[in-house]
Each structure stands twice: as C-alpha cells, then as structure tokens.
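> Going down the list, the protein sequences come from chains A and B. Read in the working numbering, the first sequence has 180 at position 180, and its numbers run on one by one without any break. Read in the working numbering, the second sequence has 174 at position 174, and its numbers run on one by one without any break.
Simulated from the structure, these hints should not be mistaken for laboratory data. Errors might be hidden in some of the hints.
[Said to hold, decoys possible] SDA-like, lysine to any residue: derived pairs with alpha carbons at most 20 Å apart:
#1 A:Lys2 with A:Asp307
#2 B:Lys327 with A:Glu25
#3 A:Lys2 with B:Asp307
#4 A:Lys2 with B:Ala80
#5 B:Lys2 with A:Met1
#6 B:Lys2 with A:Leu308
#7 B:Lys148 with B:Ala80
#8 B:Lys2 with A:Ala312
#9 B:Lys2 with A:Gly326
#10 B:Lys2 with A:Pro217
#11 A:Lys327 with A:Glu353
#12 B:Lys148 with B:Asp131
#13 A:Lys2 with B:Lys327
#14 A:Lys2 with B:Gly326
#15 A:Lys327 with B:Ala80
#16 A:Lys2 with B:Arg45
#17 B:Lys2 with A:Lys2
#18 B:Lys327 with B:Leu290
#19 A:Lys2 with B:Ala328
#20 A:Lys2 with B:Ile159
#21 B:Lys334 with A:Gly23
#22 B:Lys55 with B:Leu22
#23 A:Lys2 with B:Glu25
#24 B:Lys2 with A:Gly23
#25 B:Lys327 with A:Met1
#26 B:Lys2 with A:Pro289
#27 B:Lys2 with A:Ala39
#28 A:Lys2 with A:Arg42
2 protein chains.
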Amino acid sequence: MKVGIIGGGQLARMLALAGHPLGIETIVLDPAFDACAGAVTRQLRGAYDDRNQLKALADDVDVITYEFENVPEQALQSLADLASVYPSPNALATGRDRLREKTLLSMTLGIPTAPFAAVDSREELESAAADIGLPAVLKTRTLGYDGKGQYVLRGIEDIDAAWGQLGSVPLVLEGFVEFEREVSIIAVRSRNGEIRCYPLIENVHTDGILRLSHCRPGDPQQATAEDYIGRLLDSLGYVGVIALELFQADDRLLANEMAPRVHNSGHLTIEGAETSQFENHLRAICGLPLGQTTPVGYSAMLNLIGDLPDPAAVLAVPGAHFHAYGKAAREGRKVGHITVRAENTTELERRMENVRDTLST
Amino acid sequence: MKVGIIGGGQLARMLALAGHPLGIETIVLDPAFDACAGAVTRQLRGAYDDRNQLKALADDVDVITYEFENVPEQALQSLADLASVYPSPNALATGRDRLREKTLLSMTLGIPTAPFAAVDSREELESAAADIGLPAVLKTRTLGYDGKGQYVLRGIEDIDAAWGQLGSVPLVLEGFVEFEREVSIIAVRSRNGEIRCYPLIENVHTDGILRLSHCRPGDPQQATAEDYIGRLLDSLGYVGVIALELFQADDRLLANEMAPRVHNSGHLTIEGAETSQFENHLRAICGLPLGQTTPVGYSAMLNLIGDLPDPAAVLAVPGAHFHAYGKAAREGRKVGHITVRAENTTELERRMENVRDTLST
C-alpha cells in the first residue's frame, strides 16, 4: 500500500513513521528543500498546486491524504479525478472555511456553537457586532491557524482597527466564549463507517498556539463530545482521523472548529493510546481495520515552541518521550513535543512538573 | 547527534525509526541495493570492509554501532581509530566467538553454562565427546546464527558426519542441555556504568529460529538473570543494549550465548516497555540518560518467517501491532513480527490465539 501526503511537515513526518511498520509506503509532496518529513520518507519536491508533481504523485500511490487544511482547492479536485483522496475534498472544503464549518455544525447538525455571522463588509461587521454582542472575535473565513487571522473586539471602538487589519478578505464574527476549559475530541472513521473515539483531551493555548494537552479518560463530557463528532463524521461521510475542538462553558460543550486531519492535541496518542492517531488515520484511509483507541496509562503532552530543550535533561525524567521534528529553530515555530506517561495522575503531574523545570532552565 | 550503523537490516531499521523522534540522525552502511533500513533513513552503499565508505561514515557521525556480530574485525578496528564505537570492538569480538564468550561467562565470571570444550581436530572432538558426554552440540566458533553452523551429536556414530560437515573451521563442543524453557534477559548499560534490565523474556525456537517471545514480568528467575548480565556488562565495560540467552533446567539458569546488540526477543519492548530496546541502545551510545525498562501491560511477539500475512486480518485483533520490515519474501527469512499487548495474561493469550489463527489461513 502506498499513500501520498500533501505537505511534508511534522504531521506528515509522524504519519510516515507510523506507516513504516505497517508496510505502508508514504510519499510526501512539499516545496521545501528541508521539509522535515523528507528525512524519514520519500519526498516529491514541488508546490502544492504543481500539476505535474500532483499527477506524478497520484500515478504512484493508492490513496492520497493531506496534513493541512489549506491545500489549494483546484489541486485537490484535480487529484480526486486521478486517485482516491481521503478525507474527501468536501470535508477539507468544510474544514478550511469557518463559515461553512460553523453552518454545518450549528444549523445542519444541531451542535451548539458560539453565535456567529458572516461579515463581508464594514456594515455587516457593525450589524453582526450589534446582534452577537461584544466581546466577539473577528476571524478570516479561511487560512487562519494558531491564532493568526483573528482580532478580538472588546468594544465598538475596536471595529475600525479590526476592519483595517482583516477587512480585505471574507470574515466571520463569532461570539466570545468565556470558557472554563478547552477540549478536543479526536475520532477516526473507517471506509465502511465504523467510528472510534479517543478519550477527551484537555488543552491549554497561549497566544493562539497549543502549549499543553492532557488526556482525560473517563471525562464526564466524553459521551456528549462523541455524540457531536459522530454526527459530524457521518454527515461528511468522512474517512480518516478528525479533530473537533470545543469550549466548555457552564457544563455545556460548544464546538469551536474542526480539523480534517491528525491533530496536535492527539500527539499524546503515540504513547498514550493502544493505537496512535497517525496509525489509525493510515488504517482508515487504506481500508484496514481500525485500532483500539483505549488509553495506555495516563498521558500529557507539552509542545516545544521556537527551539528544542536539551534532550538529556528531558529524557532523565521517567516516562518522558521526546519528539523532535527535525526542523530548524525559529520563534513561534512548533519544533517538537514531549509526551509524558505515568501509571496514575499524581505521578503524571509530578513528572510533568519535572519536565517543565528542564524547559525553563 | 549522528549515529552510524554497520548493517542495514531490520535491526538497523528499527534503530533508525527510534532515532527520528529523538532527533538522532542515523546512517546505515550496507552493500544491498534493497537494504530495508535504507527506506527509513540514509544509506551508504558499500561492503562492510569497504575502507572508503567506512572512513566516510566515521567522518560523518558522532558514534558508530552495528546490528550484527559478524562485522569484519579489521573493519571495526579501523573504525575505532576514527570514531567512538559502541559496544566496544572487544565486546563484539567476544560475542562473535563462542569459545571466547563461553570462557568469559563460565571461567572468568562464574556464570553457569553447559560444559564445553574447544575442538580444532578430529581427535579433540573425540576426546571432548568422551569428557562432556553425548548428546552434545558441535558448533562453529564464529559466524553461526539462527541454528546455522550446528550439529547435534546424539551418539558416537554421529562424529563422522559432524566432523565432515563442520570440521574445516574452529569448533566448540557443548553439552546438550535438556532445558525446560529458554529465556533471554535484555539489558542496557550507559556510558557511565548505569545498568537497566528488562523483564525476562521466554522464547520458543523452531529449527533454530526464534518464533515466539513472551514478556514475563515478575519471573522468579529475574534476579538471577540480572545478576549474570550485570557481571557480563561490567566485565566488558559495555555500552549499549545486550542480550543474554539462557536455558532453564531444574530451576537453574545456564547461560547459552550473548548478543552484543539489540535482539529479536526484545522487539516486544517497542510496545511492551516504557522505553524500547532500540531507543535505549541509542540513548546509551549517545550518552543520554537511560529510559525506564518497566513493562507496559503484558506483551508477546510472533516472528513472521518467509512471508507476511494479510495485515488486515492481523490488525483486526485488538492490541495487535504489525511490524513489516520492508523485505522481499524468502523461505526462512525474518520479514516482520507482530507484538500483541493486553491488560492481563488471559486476554493476551486469547489475542495471541486469534493472531495465530490469521497466520495459518
């Protein structure tokens, strides 16, 4: 079995590493000379919309997938004519467009979300702000990630600046949620419609970037989150791993956004689940049986942003698992993560504290 | 950190896969065009005694290791002049020569073994057979593996045939052990002398090839095995992962042979231990802290010999982890393994039975 992956970053790299033992060959398409997946598997070098390379990839593989939402729509459509693409171009188009995504979640599937409205003009922004109330968050409909393409409007006086910064592209205004916590549910759906969900993951973001994830087996919100993601998966006829990020406010879960791919908060499944999200994504898109999503011990993950710490200090902590992505250091860049596993939550927190101590020195 | 590996087979492949997340680059040296490690990391193509390639390797890396005992001695010696080689050439020379190995274990370290004697002539074979008694096993001193280079002498009448088959090279005659079971202990020693041992592993060989391994946490023989391998590691000033194969007969452990490298019976540590033998070998030779060797659930491994089964059937069994080596099918060749993990031994055996059912169809 051969899988083509659009994008050669750390998600593609971890997919490739999961593929090798399964006997699944991966080939990544990425324009960068130092794409970090290229160090662990074969790379085609080319732009994501390079028709020749896309055709070469499609000719060479059995299935095509992608590691990010912003694959050019035409590129994916031309691929879909040549090869099986999972998740479907329809799922990707939904995931990359906040308005389409929120409309599906809220209107079509009845999943609670914050109030939202499309904003295509300064007038629409003003009327949406009046309808939804402030504070609210103005977001680009597409191409936003890690907190980029967002502006928090705290009062009417912010409208000028927000419109000035983002007004050149289609936007969505979303009600600001005073959440108690952020969680994500990661699930996988097979070609024949079987769904498996991982335990809920609790996340902490700083400056819009995920910093910390805790696996929460037995969480009281598990059933609700599984219900929501099940509706979403079935409505999209989805194949592969998906993530749904949610806010919890007053014991209610509000869907925030979906990612039609393996997800940063699911990296802890490499050590912290019987089958990792990467292996389950490959199993699903290749038509293999899904693997168990049951937790293995208790686990948490710390993202490494900017540069890597001394691995010797980290690896001295029992149960600490180091994941370098093979990327050059750069401010704000995700260059690796550490997953910590333990037999109980007390021990897990003690180990996490020890790992954090190594990062601050 | 960059590690050069002599040999590009499945052991090198699994070392390379363990290296990527640690940020440890690996480069393998192998003459084969389809060396299976070459699909997951960089390969230098060349014979194991190709001086130019050995020098290129030594110049490029921080540490050199190997995946098999039969690295040409001169090659390793020339490397040791250019780079750090772990485990040391002395450990390798001991591991590749049954007489030197048995002498160290039995005479120097006082570890029980079967009786043995050097055999360099037909006369010595006759007198050794008389001293040790028959049945006994005649073995080549070097280059034996997977039961190759061995002849079981059941009575005096077998001496002619045994000598005829093996008599052209230096030999050892070893007393035949009527063992109750075969076990192996896998341990790792760091550059500063710290030692960690994995739980004892119980092994089943057929036709000289390992077929089945069970991890046995809490085994009554654990302390004895740890004592023996600790003596061996310290006496060799060893750095890296080592395996010691032992027979158990009448509640006694008899050392059979050592392997100065990661070992087939330790493959189950990928899922069945907090830190795999591959990661711990890299940590040790790179001077990083050792990882925990504690078991994760209960695990067992089945070798895949000759050709691979249908992965879909295997992966349908909960807790089954598939490991294809990317090698072409060939009779008697190790082409992959399956590790099964479960929360208890009853469930483990049930799952192992289900996996075996998929192999026989």
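> Hint by hint, work out which the structure violates, then give me just those numbers in ascending order.
1, 4, 5, 7, 10, 11, 12, 15, 16, 17, 18, 20, 22, 23, 24 and 26
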